[in-house]
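2 protein chains.
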Amino acid sequence: MTQNIYDDPEFFAGYSRLPRSLHGLAGAPEWPALRALLPRPSGLRIVDLGCGFGWFCRWARAEGAAQVLGIDISERMLERAGAEPKDEAIVYERADLNRLELPEGGFDLAYSSLALHYVEDLERLFATVRRSLVPGARFVFSIEHPIYMAPRRPGWIADRRGGKSWPVDSYQMEGARRSDWIGAGVVKYHRTLGTTLNRLIRQGFVIRHVEEFGPSDEQVAQQAELAEERERPMFLLVAADRAGP
Amino acid sequence: MTQNIYDDPEFFAGYSRLPRSLHGLAGAPEWPALRALLPRPSGLRIVDLGCGFGWFCRWARAEGAAQVLGIDISERMLERAGAEPKDEAIVYERADLNRLELPEGGFDLAYSSLALHYVEDLERLFATVRRSLVPGARFVFSIEHPIYMAPRRPGWIADRRGGKSWPVDSYQMEGARRSDWIGAGVVKYHRTLGTTLNRLIRQGFVIRHVEEFGPSDEQVAQQAELAEERERPMFLLVAADRAGP
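First to last, the protein sequences are chains P and D.
Numbers 0 to 244, taken from numbering that gives the first Met the number 0, label the letters of the first sequence in order.
Numbers 0 to 244, taken from numbering that gives the first Met the number 0, label the letters of the second sequence in order.
Simulated from the structure, these hints should not be mistaken for lab results.
Any given hint could turn out to be false.
A pair holds if it fits inside one copy or across any two, identical chains being indistinguishable in the list.
DMTMM-like cross-link-like pairs, simulated, lysine to aspartate or glutamate; straight-line CA separation at most 25 Å [claimed, not checked]:
#1 K163 x E227
#2 K187 x D158
#3 K163 x D179
#4 K187 x E227
#5 K85 x E74
#6 K187 x D107
#7 K85 x D95
Modelling step: build the complete structure from the supplied sequences, incorporating the hints.
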């Protein structure tokens, strides 16, 4: 049974106060980098895996997407997403990404922001996404970076030079990690970067871009607390295309 | 001017005592994983970038390679390689990988073991390798992993559980790193994993496999000191194919 922490009232309240919950895409520092990997949404049929409050779904529609399917396991998040002004071309569906079924060749773009690290059987999901895309279609996703996820007890330490370091351990030990994000025992699945890419390749994707997100100088100037994100990558961004038929 | 630390007498003496120098491929724990990424050498024209003592060149010939070109910047290493029993199908050439020129379409396989982190302009080298390969040919290389290379002062620390951690900092700050490997100020070039892969892709390669080397249970059973390599990856292994013409 997949953990559905987002429907826990306290977790949900905490999550709702994050900048990316309050301000949407503009509150996510990695969004400009992720956006750069996307094709123009105009006319596309798009699926968003782990759509949360639906910020991306609404953005894609505003950019001319023909149709957007937002998938999430959290009832509360979908409720909030559905409370936005009605748009017939956005459909929200409650589903567990570990058991997801999608229509074959039903989409021109698959997108996922910070959801795939909750998925235990990533290879099954990649196979499902591949079948759901038309040949040549793009799959863009972000995920917590394995450097960020690997340690059994993640956290910064002061280094010898008065700077910060991020101690890495257990990198090769893939599997569940329980973290105390927003005060709750959130279960995520650590995989090496190689494993994530090789599963994509094996399931018929061609890797187009791999980005280990770090903030730009401009972002650090505007938001000093982002500086630590340069010491170790927090997010992994990947763009891959479905190979030919 | 590229640093040629291998021709420093003290460094050379120290390097010559490493297991991989004394025992060749069998002394390199990552060799079985690297070998698994190679096509059968039989009948192939092969270039080895940073061939050192020529262990791989001789292995490839023993496996039936038609012709092997071994490139290295170190005169001492090539001398040692050339002192082995003569094989007309192996040619050693002294060259700086930062300025390397190779014949167009001259090779069916390019290989490099732990040399590319000495190369400042990796994109130029990738372009050179691409042109030197026939369409569809494979490029297999190992390189020090960016997690290993990023820290300004690399080293293990004891963690809170009596285990070991590898503190990462400066991951996003690409460029030169001076390390004290074998007692010398060795200059290497840190790049994020994403940068290395994206440069390959941009220069016309299709990524086939990305492996962040960790020892097998069997290897740890035989050589207990390898256990720490599971805490963070030391080597990155990549297989890519030259895209069509």
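Q. Which of the listed hints are not met by the structure?
A. Hint 6 alone not satisfied by this model.
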